[in-house]
Amino acid sequence: MKDPYTVIIRPIISEKSLRLKDEGKYVFEIARDANKIDVRRAVEEIFKVEVEKVAIINEKPKLRRMGLTQGFTSKRKKAIVTLKPGYKIEIISGV
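Residue numbers (the numbering used here): 1 to 95.
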């Protein structure tokens, strides 16, 4: 079993993730080698909640340019975690 603190890198705070929070869904950036089972165990262990569902999204790198120089953003992996009714993650609730 992987260390839960290496599976979940950070919560993602955006307009969309704050809207999803009202539905009991929370968005995290996760390690590239993590799967749904790893994410479920990590969230349940770190935040002491029960997870109903996990959806994983692989974001491709985007091309970015500044003048003649161009490069790519980093690719990342996100997880949308749905909690069972009655559970809440307090770290994100203060935002």
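Please note that the accuracy of each hint is not assured.
Unchecked claim - Here are the simulated BS3-like pairs of lysine-lysine, each with C-alpha atoms no more than 25 Å apart in a straight line:
1. K78 x K16
2. K75 x K21
3. K88 x K16
4. K48 x K62
5. K2 x K62
Said to hold, decoys possible - Simulated restraints on C-beta separations:
6. L68 x K48: 48 to 54 Å
7. E44 x Q70: 15 to 21 Å
8. R41 x R65: 39 to 45 Å
9. R41 x R64: 31 to 37 Å
10. P85 x R41: 37 to 43 Å
11. K2 x K60: 30 to 36 Å
12. T6 x K60: 20 to 26 Å
Keep in mind the hints are simulated off the structure, nothing from the lab. Note that the Cβ used here is the ideal one computed from N, Cα and C, for glycine as well.
Structure-based check of each hint:
For the proposed pair K78 and K16, the alpha carbon gap of about 13 Å is at most 25 Å, so the pair holds. In summary, the hint linking K75 to K21 is supported, as the alpha carbons are separated by about 24 Å, within the 25 Å threshold. For the hint pairing K88 with K16, the CA-to-CA distance comes to about 17 Å; that is within 25 Å, so the pair holds. As the CA atoms of K48 and K62 are separated by approximately 35 Å, the hinted pair breaks the 25 Å bound.
Between K2 and K62, the direct Cα distance comes to roughly 29 Å. Violation of the 25 Å bound is thereby established for this hinted pair. Distance hint check for L68 and K48: the Cβ-Cβ separation is about 51 Å, which falls inside the suggested range of 48 to 54 Å. The hinted range of 15 to 21 Å is not satisfied by E44 and Q70, whose Cβ atoms lie roughly 42 Å apart. Under the hint 39 to 45 Å, the C-beta atoms of R41 and R65, about 40 Å apart, fit the expected range.
Checked against the hint of 31 to 37 Å, the C-beta distance between R41 and R64 comes to roughly 35 Å, which is consistent with it. The hinted window of 37 to 43 Å between P85 and R41 is violated, with their beta carbons roughly 20 Å apart. At about 24 Å, the CB distance of K2 to K60 disagrees with the hint of 30 to 36 Å. With their beta carbons about 23 Å apart, T6 and K60 fall inside the hinted range of 20 to 26 Å.
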